[in-house]
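> The task is simple: from the sequences and hints, build the whole structure.
Protein chains in written order, with our numbering: chain A, 1083 to 1607; chain B, 1083 to 1607.
Because the hints were derived from the structure by calculation, they are not lab data.
Worth double-checking, as some hints may not be accurate.
Note that identical chains are pooled: a pair holds if it fits in a single copy or bridges any two copies.
Stated by the list, open to error - Pairs of lysine-lysine residues, derived as BS3-like cross-links and limited to a Cα-Cα distance of at most 25 Å, are as follows: (1) 1466 x 1261; (2) 1342 x 1287; (3) 1261 x 1593; (4) 1133 x 1268; (5) 1556 x 1570; (6) 1134 x 1466; (7) 1261 x 1473; (8) 1084 x 1466; (9) 1473 x 1084.
Remember, it's a predicted structure, so these values are computed and weren't measured experimentally.
2 protein chains.
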Amino acid sequence: MKNFVVHQLLYHAVITHPGQVIVSDGKQFTFQQFYTRIIKLADSLSHKGVKKGTVIGVLDVNTHRFLEMHYACSMLGAVLHTINFRLAPEQMVYSMVHAGDEWVFVSDVFAPAIKPLFSKFPNWVLMSDNRRQALPDAQNAFHYENLLEQGEEKEPSGANEISENDIFSIFYTTGTTGKPKGIRYKHRTILHGAIQLFHHLALHKYGARVSSRDVFMPLIPFFHIHAWGMAFFPIYLGSKLVLPGSADATGQLVLIKKEKVSWLNMVPTQLQMLLNQKGFGNIKVLTGGSPFASGIAQRAQREGVNFSLIYGGSDQLATAISVIPEEVEPDTDEALEWRRVGMRPLPLVEISVRDNQGHEVPHDGETLGAVWVRSPWLPEGYYKEPEISKKQFIDGWFRTGDLGFFYPNNLLYVADREGDAIKSGGEWIPSGMLEAIISEHPAVAQVAVIPKKDEHWGQRPLAIVKVSEKVSPKELTDFLIIKTKEGKLARFWIPDQFVFVDDIPLTSAGKLNKKVLRDQYSEIK
Amino acid sequence: MKNFVVHQLLYHAVITHPGQVIVSDGKQFTFQQFYTRIIKLADSLSHKGVKKGTVIGVLDVNTHRFLEMHYACSMLGAVLHTINFRLAPEQMVYSMVHAGDEWVFVSDVFAPAIKPLFSKFPNWVLMSDNRRQALPDAQNAFHYENLLEQGEEKEPSGANEISENDIFSIFYTTGTTGKPKGIRYKHRTILHGAIQLFHHLALHKYGARVSSRDVFMPLIPFFHIHAWGMAFFPIYLGSKLVLPGSADATGQLVLIKKEKVSWLNMVPTQLQMLLNQKGFGNIKVLTGGSPFASGIAQRAQREGVNFSLIYGGSDQLATAISVIPEEVEPDTDEALEWRRVGMRPLPLVEISVRDNQGHEVPHDGETLGAVWVRSPWLPEGYYKEPEISKKQFIDGWFRTGDLGFFYPNNLLYVADREGDAIKSGGEWIPSGMLEAIISEHPAVAQVAVIPKKDEHWGQRPLAIVKVSEKVSPKELTDFLIIKTKEGKLARFWIPDQFVFVDDIPLTSAGKLNKKVLRDQYSEIK
Chain A
1083 MKNFVVHQLL
1093 YHAVITHPGQ
1103 VIVSDGKQFT
1113 FQQFYTRIIK
1123 LADSLSHKGV
1133 KKGTVIGVLD
1143 VNTHRFLEMH
1153 YACSMLGAVL
1163 HTINFRLAPE
1173 QMVYSMVHAG
1183 DEWVFVSDVF
1193 APAIKPLFSK
1203 FPNWVLMSDN
1213 RRQALPDAQN
1223 AFHYENLLEQ
1233 GEEKEPSGAN
1243 EISENDIFSI
1253 FYTTGTTGKP
1263 KGIRYKHRTI
1273 LHGAIQLFHH
1283 LALHKYGARV
1293 SSRDVFMPLI
1303 PFFHIHAWGM
1313 AFFPIYLGSK
1323 LVLPGSADAT
1333 GQLVLIKKEK
1343 VSWLNMVPTQ
1353 LQMLLNQKGF
1363 GNIKVLTGGS
1373 PFASGIAQRA
1383 QREGVNFSLI
1393 YGGSDQLATA
1403 ISVIPEEVEP
1413 DTDEALEWRR
1423 VGMRPLPLVE
1433 ISVRDNQGHE
1443 VPHDGETLGA
1453 VWVRSPWLPE
1463 GYYKEPEISK
1473 KQFIDGWFRT
1483 GDLGFFYPNN
1493 LLYVADREGD
1503 AIKSGGEWIP
1513 SGMLEAIISE
1523 HPAVAQVAVI
1533 PKKDEHWGQR
1543 PLAIVKVSEK
1553 VSPKELTDFL
1563 IIKTKEGKLA
1573 RFWIPDQFVF
1583 VDDIPLTSAG
1593 KLNKKVLRDQ
1603 YSEIK
Chain B
1083 MKNFVVHQLL
1093 YHAVITHPGQ
1103 VIVSDGKQFT
1113 FQQFYTRIIK
1123 LADSLSHKGV
1133 KKGTVIGVLD
1143 VNTHRFLEMH
1153 YACSMLGAVL
1163 HTINFRLAPE
1173 QMVYSMVHAG
1183 DEWVFVSDVF
1193 APAIKPLFSK
1203 FPNWVLMSDN
1213 RRQALPDAQN
1223 AFHYENLLEQ
1233 GEEKEPSGAN
1243 EISENDIFSI
1253 FYTTGTTGKP
1263 KGIRYKHRTI
1273 LHGAIQLFHH
1283 LALHKYGARV
1293 SSRDVFMPLI
1303 PFFHIHAWGM
1313 AFFPIYLGSK
1323 LVLPGSADAT
1333 GQLVLIKKEK
1343 VSWLNMVPTQ
1353 LQMLLNQKGF
1363 GNIKVLTGGS
1373 PFASGIAQRA
1383 QREGVNFSLI
1393 YGGSDQLATA
1403 ISVIPEEVEP
1413 DTDEALEWRR
1423 VGMRPLPLVE
1433 ISVRDNQGHE
1443 VPHDGETLGA
1453 VWVRSPWLPE
1463 GYYKEPEISK
1473 KQFIDGWFRT
1483 GDLGFFYPNN
1493 LLYVADREGD
1503 AIKSGGEWIP
1513 SGMLEAIISE
1523 HPAVAQVAVI
1533 PKKDEHWGQR
1543 PLAIVKVSEK
1553 VSPKELTDFL
1563 IIKTKEGKLA
1573 RFWIPDQFVF
1583 VDDIPLTSAG
1593 KLNKKVLRDQ
1603 YSEIK
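Next up, the structure:
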């Protein structure tokens, strides 16, 4: 019997689909070549002292080298620290020290920016095809391709002994408040989370259905939950995988056309950018991570983008996907709307929406509560943070920090982060939901709603708007008044004030950075 | 965190699809009602002394009561012995004593036939709607519905403590040679096997693709690997489930039409019977367990039966499904043929075909060898049979006892049971493959090929034929000579002798009973 161990996926890929390819950096690797590179790399690293438990940081965009590191670390039992390159520099260093990185693998793109770190960690590897590029000025430094060449074509002796309960990787969340928090994933946890998600997408006819003949391209970076599991699933399935490296939206579209990509994952912001590219469409997209405006949904629909939304996160993994309820006709506006807002828990996942007393709120389509989840692939807490863990991981459940409600048909709407909702006169205004409605106005490119202190109401909503064409606060207010008549929002949700900006700051996960906005605007007059 | 425990599936079903239905015995139960019945039954049983580890035998066709027993046993930690009702009576008793059955649940259909057993086991439950039917004359005997009614609507206190590594069920294989052998399934083993199988079917566009909108009806009995996992998957998915009870092919077709069944599983013999029913078609079918004649495949195709073949068994669970290779056009005869013969290992499953020295044979589409499998859901051996287990479960691999070969595209063909192949002049003749070719003759309804002793060649093939219209040995031989010219078989495979019979004996799993045939015919003159 073999268990759920990451590099176990390789055997299937190599035996069953040896000629299938991974496209990366203008090159193409068959699964057989990919496997050979991995075992050579692993063998070489084991001779340099990497062993079970060694923590290895990797700082790279989505390339074949980063993917190889996944499987080489798995075979060695090393812990892969997928460094969050969107963290602020001091947070990044914090995460590397906290995780205990003994090795750092850095791509040539990122190397110049992190020069000050070279002396802080003993072993560095430069990931580049150019072997004459200067190595990091550190205790030990190697070229990735040289290391790989030095390895023999044989699996590390311990590869067969890795258990599904060993730690595979560690990741640090954005930490918009306080320090980044580390989450360690066991082999079985990360594999079950990924496999269940993609398998479940395959069961639904509509949306980002995956199939064995898809060509996959992850636009979610590997550092973020291993590109939402994309580091595993195409290998598991034996499908073609296209890695975008540091391509921008234009470059991504070129790759999509050239390699016949049929399936992508990305955050809504990336989808918006791709929709702005002429010729993007007729493709499947898994998106999520922020509220998804119905304007984008409609535009996506028009361009033949079959999308599904995912609900999850690095501290809970995948827990729900959007679906069309059985009773709704698939090709209708109503169905489109459900795919935007109606999340169904994956099988084996339990989701509970609770009031302040811990009681389940009624499934009435409006009563907001705190979203709790429980699943077989829930991580066990934050690394070396017992106090914070105890507050969020309780009796096998995880308190997500999200606010949401259940519709009467038992689909979940995730409305907001608990910290982001606005408490006005004792009533919650979910900022995410309000943002989605405001962004339906054609002049609005992006919007963030944050609480503003108010003597009378406690808090009132303030909308920070990036426009695509000129629009006045009055016009936006009038637009929202119409929406209140359509039952989309309550009158008291309408922001008291609109601030127009050139750009809205985003977090490392591509979400609106509300912390920065609150610091800047919440006391605005 | 929750783990992979059978009754965990219920929470999802009840929370997400409370109104979905199970149709059984002319009645309809919502998932909510089904759940309520289960917890009442479990509560009642716990008051009668059923506890973790209690072994409970169930002897029934596919009904809601048998299904309820799956989940009630799971909550109690009791071991569900799915009694193989196609075993010979003395083998059935052997299995019940060997498993240690403390309780026996028997349906009213089976009760009369097993009267002699009533005194052998202490606790009996009669599964019937008719509460006035006489109870088994045993130490303790109860009506199922009375037991259920006595229970309170609360889950057994220990339900939350059941671990994925606890034993969920036990099953005894046919044992065409020797005693039946027991295989115990852990919760995680049986769930992973089932979930991986059905999920994988969802990933393929052709064949018995499952989707969230299917209506499922298992024609494989629950006793046999829990209807190949059908006791779990529709609940897991929240889909409508139709249970056929003891309906024959005519009754099954009525149910299919009435309940809009879209997905079935069955052995090829059952498929043949259904294809004989007027109006059967436009449906998805998972089949397997015996070689599948191309004549049936073509007939199925004509009737719009989208089929897939599965390779697996009670001692290895699901390991492969038939697919259309990527390089083959889907709607062609070639694609149809691949779906009949070309098995792809499920992801995470390794399959190795080995010669007598244990070396992997070349993937050349003809070199036969012994089929070995390894997977995360492989059972650990035979219950209380360490010696037999040691011979078949080696280094984490299972020696299946099947003969097969790999095509150059890495698809597996399972040709025969090792014991059934014929060794003629030192060369193997796979009887299953030969049967599939002979059965392409329009006059052949069913055929079994067994070895006949031969002074010169050691063994020679003997064909035992059930005809649908008159045909002579000469005509069959001529037909096979044409097939040799088409490259379908070697000249020396052609049987020396054809015996015509009215009926061919089958095993409990619906396969040709070669043991009986060999006893009867192998020394025939």
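> Now tell me if each hint is right for this structure.
Do the hints match the structure? See the list:
no., hint, result
1, 1466 x 1261, "within (12 Å within a copy, 55 Å between copies)"
2, 1342 x 1287, "both (21 Å within a copy, 18 Å between copies)"
3, 1261 x 1593, "within (18 Å within a copy, 63 Å between copies)"
4, 1133 x 1268, "within (17 Å within a copy, 33 Å between copies)"
5, 1556 x 1570, "within (19 Å within a copy, 80 Å between copies)"
6, 1134 x 1466, "within (19 Å within a copy, 36 Å between copies)"
7, 1261 x 1473, "within (16 Å within a copy, 56 Å between copies)"
8, 1084 x 1466, "between (30 Å within a copy, 22 Å between copies)"
9, 1473 x 1084, "between (35 Å within a copy, 18 Å between copies)"
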